[in-house]
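On the provided structure of chain Y, position chain B as indicated by the hints.
Spelled out from the first residue to the last, the chains are:
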Amino acid sequence: MVFKNIICPVCGGSCDDVQVNLDTKNRTIDVQNACKMGNAKFQEVVSSHRILKPTIRENGKVKDVSWEEALEMSADILVNARRPLFFLGSETSCEAQEVGLHIAEYLGAPADSNATICHGPTVMGIQESGMVGATAGQAKNRADMIVYWGVNALESMPRHMSKYGVFPRGYWTKRGRFDRTMVTVDPRVTPTAVASDMHLQLNPSSDYELLSAMFTILNGKEPHPSVEEITGIPISVMKQTVEMMKESNFVAIYVGLGVSSSYGKHRNIEIALNFVKEMNNYTKCNIGALRGHCNVAGFNQLASYLYGYPFGLDFMKGYPRYNPGETTTVDLLREKDVDAAFIMSADLVNHIPADCAKYLADIPMICLDIAPCPSTTAADVVLPGVIDAMECDGTFYRLDNVPVYFEPFTESPFSETKSNEDTLKQLFAKIKAKKEA
Amino acid sequence: MQALLNTGSTINEGRLAKGGNKYSEDYTKECAVCWMCAEDFTSLGCPEKVSVTSRDGKHTVAVRSKVTEAMRSGQVFIPRSIWANVVVEPDTFSTGSPRYKGAPVSVEPTDEEVLGAEEIVLTLYMGGE
Numbered sequence: 001m002v003f004k005n006i007i008c009p010v011c012g013g014s015c016d017d018v019q020v021n022l023d024t025k026n027r028t029i030d031v032q033n034a035c036k037m038g039n040a041k042f043q044e045v046v047s048s049h050r051i052l053k054p055t056i057r058e059n060g061k062v063k064d065v066s067w068e069e070a071l072e073m074s075a076d077i078l079v080n081a082r083r084p085l086f087f088l089g090s091e092t093s094c095e096a097q098e099v100g101l102h103i104a105e106y107l108g109a110p111a112d113s114n115a116t117i118c119h120g121p122t123v124m125g126i127q128e129s130g131m132v133g134a135t136a137g138q139a140k141n142r143a144d145m146i147v148y149w150g151v152n153a154l155e156s157m158p159r160h161m162s163k164y165g166v167f168p169r170g171y172w173t174k175r176g177r178f179d180r181t182m183v184t185v186d187p188r189v190t191p192t193a194v195a196s197d198m199h200l201q202l203n204p205s206s207d208y209e210l211l212s213a214m215f216t217i218l219n220g221k222e223p224h225p226s227v228e229e230i231t232g233i234p235i236s237v238m239k240q241t242v243e244m245m246k247e248s249n250f251v252a253i254y255v256g257l258g259v260s261s262s263y264g265k266h267r268n269i270e271i272a273l274n275f276v277k278e279m280n281n282y283t284k285c286n287i288g289a290l291r292g293h294c295n296v297a298g299f300n301q302l303a304s305y306l307y308g309y310p311f312g313l314d315f316m317k318g319y320p321r322y323n324p325g326e327t328t329t330v331d332l333l334r335e336k337d338v339d340a341a342f343i344m345s346a347d348l349v350n351h352i353p354a355d356c357a358k359y360l361a362d363i364p365m366i367c368l369d370i371a372p373c374p375s376t377t378a379a380d381v382v383l384p385g386v387i388d389a390m391e392c393d394g395t396f397y398r399l400d401n402v403p404v405y406f407e408p409f410t411e412s413p414f415s416e417t418k419s420n421e422d423t424l425k426q427l428f429a430k431i432k433a434k435k436e437a
Numbered sequence: 438m439q440a441l442l443n444t445g446s447t448i449n450e451g452r453l454a455k456g457g458n459k460y461s462e463d464y465t466k467e468c469a470v471c472w473m474c475a476e477d478f479t480s481l482g483c484p485e486k487v488s489v490t491s492r493d494g495k496h497t498v499a500v501r502s503k504v505t506e507a508m509r510s511g512q513v514f515i516p517r518s519i520w521a522n523v524v525v526e527p528d529t530f531s532t533g534s535p536r537y538k539g540a541p542v543s544v545e546p547t548d549e550e551v552l553g554a555e556e557i558v559l560t561l562y563m564g565g566e
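Those protein sequences? They're chains Y and B, same order as listed. Residue 331 in my numbering sits at position 331 of the first sequence, with consecutive numbering throughout. With the second sequence counted from 1, adding 437 to any position gets you my numbering.
A few of these clues could be false.
Below 25 Å or equal to it, Euclidean Cα-Cα: the simulated BS3-like pairs (lysine-lysine) are [said to hold, decoys possible]: (1) Y:K418 to Y:K430; (2) Y:K36 to B:K466; (3) Y:K36 to B:K503; (4) Y:K63 to Y:K53; (5) B:K486 to Y:K336; (6) Y:K239 to Y:K277; (7) B:K503 to B:K466; (8) Y:K430 to Y:K63; (9) Y:K53 to Y:K425; (10) Y:K317 to Y:K432; (11) Y:K317 to Y:K435; (12) B:K486 to B:K466; (13) B:K495 to Y:K358; (14) Y:K358 to B:K466; (15) Y:K284 to Y:K221.
Honestly, the hints are just simulated from the structure, not real lab data. Since we're looking at a predicted model, the values are computed, not measured.
The shape of chain Y in the complex, shown without the other chains (with noise of 0.2 Å):
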């Protein structure tokens, strides 16, 4: 059977043109539209490795459980627990987030998302200096200059180009490419920036002296000549750059880790920022973060709106702390400040520095997801996880903060759950009962 307008559960794009044909029958789907990223997971409803059956770790063996003693035992790790930590992973919907939050408010843990080891820092620029944002579809249809600033698009969003920001016909940019400037601010020569018409080369974590540079230029005055041997970008190009961005009509600056995870980190994004606000004086610019994974802007708007902070929650005085830092998934491992786990839809042992994977492989940790994975393997307790956007319903927000209602093609393939959010509301009865017992 064919289903149209899917949306596609893998990045921030939540490209939403995804046409799928599900044989039932003979376990095979047939995906169009989707990137080799998309397609990938969309042969996660059919593959052979998903993980369907509850597992749990005793003296070092793993053995399969049935899906109540598996929540039962999780349950009992995190009531147990002096301090356990919530990583709410984004790759599944916000209603699930939600309720992985209430559970952290109600035992009075830390809970924390992607963002924090992704674009945290950007999160943190933009409450520092406010931004200049704008919609995927007004870049589509106004930019006619686009500037990918440390981050390699064709790679990491590899529809953005042709979807939101380089070759899509706008209304004013008819033309699609041939009406675009493209330039990519990179230290490596990656595919975006052999397919840019300028690469500005700079020397790794000199972002916030390049940015500083040109908004010296823009201010009318001459950057330090110094400035050319930090970067390694010499100062007519810098000239050029800014001139180039003042003759548009509308600039769209997306940026991505190389701005936000270098040396700089948010003062990078902060000063990104405010030189946005003043290009504004001589035309229209804006700018947005190319967020990697498909929700991770989500758990932001969601945590921001239930408890006024982005990401990095600490909810051990009875409400809401942020000190990133402090309140931190990497920092909480690495200061060997939590004494459980349980993360949802996000291999973080993978994506954590040695010290602190380490240790959440020493601590008792739960994890949900679809695949084996590093931290699957370091679990203690592992629940499956339903796909979103394939097997339930639910939201997520796309790179450029804008809500997407999802509906599914399929159901999932549990008969104890329909999805993650409702897991975590079976988990969240069991603590409850635990707790209040």
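Relative to chain Y, chain B alone:
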């Protein structure tokens, strides 16, 4: 050789990770790789494999080497994965985000075996359990 480590996506890393194939040989071939320029590769003696060590010397990981024009001298790249994160510095500068870009590392030729993702978890993180 001292170098600055950059980590990030590649399309096949994404395809294999999102497709649940982190324990496949293809994933190891794609991600357990250290990209460097020809000049640095030659100065290391054209090794097939290199060991990458974190600045504090605490963590080392063996990966295959790859020569590419995408890199400049003194800079290396490992696709974002468990291999890269073994040597990524855990300090977050009070932001929560470790130094995925620009961490100083040392790169030396090695004959050590390149471990799979599961072996890294079992040996490095779980102490051989």
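Checked hints:
For the suggested pair Y:K418 and Y:K430, the alpha carbons sit about 17 Å apart, so the restraint of at most 25 Å is met. Of the pairs offered as hints, the one joining Y:K36 and B:K466 holds, with about 17 Å between alpha carbons and a cut-off of 25 Å not exceeded. Of the supplied pair hints, the one linking Y:K36 and B:K503 holds, its CA atoms being roughly 23 Å apart against a limit of 25 Å. Simply put, Y:K63 and Y:K53 have alpha-carbon atoms about 10 Å apart, close enough for the 25 Å limit, and the pair holds.
A threshold of 25 Å between alpha carbons decides the hint, and for B:K486 with Y:K336 the separation of about 34 Å lies outside it, so the pair is violated. For a cut-off of 25 Å, the pair hint linking Y:K239 to Y:K277 stands: about 18 Å separates their Cα positions. The straight-line distance between the Cα atoms of B:K503 and B:K466 is roughly 11 Å, inside the 25 Å bound, and the hint therefore holds. Note on Y:K430 and Y:K63: the hinted pairing holds, with a Cα-Cα distance of about 22 Å set against a maximum of 25 Å.
Distance check on the hinted pair: Y:K53 and Y:K425 sit about 19 Å apart at the alpha-carbon level, within 25 Å; holds. With a CA separation close to 19 Å, the supplied pair Y:K317 and Y:K432 stays within the 25 Å bound. A distance of roughly 18 Å separates the Cα atoms of Y:K317 and Y:K435; the hinted pair therefore holds under the 25 Å criterion. For the suggested pair B:K486 and B:K466, the alpha carbons sit about 12 Å apart, so the restraint of at most 25 Å is met.
For a cut-off of 25 Å, the pair hint linking B:K495 to Y:K358 stands: about 13 Å separates their Cα positions. Annotation: proposed proximity of Y:K358 to B:K466 holds, straight-line Cα distance about 24 Å (limit 25 Å). With a C-alpha separation of about 22 Å, the suggested pair Y:K284 and Y:K221 falls inside the 25 Å cut-off, and the hint holds.
Checked against the numbered hints above, the structure violates only hint 5.
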